[in-house]
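Colleague: Line by line, the protein sequences give chains A and B.
Everything in the first sequence is counted per our numbering, starting at 1 for the first residue and increasing by one.
Everything in the second sequence is counted per our numbering, starting at 1 for the first residue and increasing by one.
FYI, nobody ran anything at the bench for these hints, they're computed from the structure.
There's no promise every hint is true.
Now the in silico label distances, taken between C-beta atoms and shown as ranges [said to hold, decoys possible]: (1) Q2(A) x E368(B): 29 to 35 Å; (2) A157(B) x D11(A): 43 to 49 Å; (3) L170(B) x R17(A): 20 to 26 Å; (4) T305(B) x N38(A): 34 to 40 Å; (5) E105(A) x R303(B): 26 to 32 Å; (6) N38(A) x G271(B): 46 to 52 Å; (7) T260(B) x E105(A): 57 to 63 Å; (8) D11(A) x L369(B): 33 to 39 Å; (9) L170(B) x V57(A): 53 to 59 Å.
Even glycine gets a Cβ: it sits at the ideal position worked out from N, Cα and C.
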Amino acid sequence: MQYMLLIHQADAPRPGREGDSNQKAIDAWESLPDDEKNAVYTSYQEVNQTPGVTPGVQLAPPETATTLRVQDGKTLTTDGPFAELKEAIAGYMLFEADDLDAAIELASKVPAARLGGAIEVRPVIEAY
Amino acid sequence: MIVEQAFREHWGRVLAAQIGFLGDFDLAEETAQEAFAVAAERWPRDGIPGNPAAWLIATARNRAIDRIRREQTLAAKTRLLEAPGATEDNMDETAFPDERLELIFTCCHPALALEAQVALTLRTLGGLTTEEIARAFLVPEGTMAKRLVRARHKIKAAGIPFRVPADHLLPDRLPAVLAVVYLIFNEGYGGRADLSAEAILLGRAMTELMPDEPEVQALLALMLLHDARREARLKDGTLVLLSDQDPSLWDAEQIGEGRTTLDRAIALGGGGPYALQAAIASLHADEARDWPQIAALYGELSRLTGSPVIELSRAVATAEAGDVEGALDSVEALDLERYHYLHATRAELLRRLGRPDDAVAAYERALELVQANSERRLLEQRLAELR
């Protein structure tokens, strides 16, 4: 089966990026010791190199998002993500696995999961 | 009647084998039911087969194969057509491995909501009808039916495996299974005896399937010891406290079995939360209770779980061991204002310390919070005695 792992950063510490308004999370990252910062990078690398994983891309902060709807043929745009800022998706990856247990095990290794964020594991619908 | 008994004994086993074979809960359940229907028709006429479980599994399997042959819609299922058709007369137990353990780990998977885990376990392993489960948990049948459909759908769509978790996952997954079984038992202990019996059956099955896990043995011991006092626990709908129970109403044989099971847990190195609770329940079944020892075990359990409710029980044992003042201090330090047992315990301790007015106030607070009628009546009795 294929699973999509959706990464929600919430307040997890992260390097400051243009547009990110979560100063607390950025400060928390700054105050992490170097070896912990390195551990986070290493974990992401390990997760991405796990057999079966198709790494996704990292998304710019949700503050930079634009959300649109089409009503009566007119495109309406609003500033910001569809979900709340803290619930917005920060990144994703695909994982080909035997079952949910394997996907949960991989998801638990994504650093955001232990740093205050969360990973949503969603099965991908298979084409017949 | 014969088939009803076979259903009680073999339903979980037959369904588990079908799910393992088909990988599909719905088809497995339908065809397992058909197998029992065939048995109901044939057994009274032809006699019970030498190995009823194997007969039922083979019959269910043949039904499923027939049905898939007829439908032949889903390409994914065609591999089953190559499976040799089992014959119903020529089979032995070893032909079909027992897959109930796989089934219980699937039903109690943490990716399912706890209430769904409980319902699914009762439905699949216990063979309770949707209506029976709905009645036991006081929800409308339609709600329970939806809950079960949703859970089965998630198992399939999310790829929840039909498998006993790998060793490194067991320390997380086994307690989840035991918690579901114990929750079912406690639902029954509140008055619905059939659920307690169901939990004990599940507990027995678990000890057969995982004979080397101390906490599995310990949970069965705990349930047997508690359940042995069922008859003495209620009198005319009023809860009877352990100290006021008539020991002649206790089931001595079952207490014996509970203790033997506890010994097995301890021999396997058991010192987990269920083993401690079972050891406490065992001490409670003695005529003369060893309160200092009970208090010590509660202390250990409290350390293990960090639960203030356990700390409350420890305080009660401390009082029984003679230190009522110390017990009151412990109780008053607990952050359990919304918990009626806290106030009922405090009331009793105050009464013993010769402070009836404070005791009355504490009983009144307990009565504001209590839910179960049998407990309410006991509190009212106590309050009346003080006035």
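Colleague: Now, for every hint given, state plainly whether the structure supports it.
Modeller: Checked hints:
1. For Q2(A) and E368(B), the Cβ-Cβ distance of about 54 Å falls outside the hinted range of 29 to 35 Å, so the restraint is violated.
2. Separated by about 31 Å at the C-beta atoms, A157(B) and D11(A) break the suggested range of 43 to 49 Å.
3. Under the hint 20 to 26 Å, the C-beta atoms of L170(B) and R17(A), about 41 Å apart, miss the expected range.
4. Checking the proposed 34 to 40 Å range against T305(B) and N38(A) shows it holds: the Cβ atoms sit about 37 Å from each other.
5. For E105(A) and R303(B), the Cβ-Cβ distance of about 30 Å falls inside the hinted range of 26 to 32 Å, so the restraint holds.
6. At about 39 Å, the beta-carbon gap between N38(A) and G271(B) misses the expected band of 46 to 52 Å.
7. For the pair T260(B) and E105(A), the beta carbons lie near 38 Å from each other, so the given range of 57 to 63 Å is not met.
8. Roughly 36 Å separates the CB atoms of D11(A) and L369(B), a value that falls within the hinted 33 to 39 Å.
9. Separation of L170(B) from V57(A) is about 36 Å and departs from the stated range, judged on CB atoms against 53 to 59 Å.
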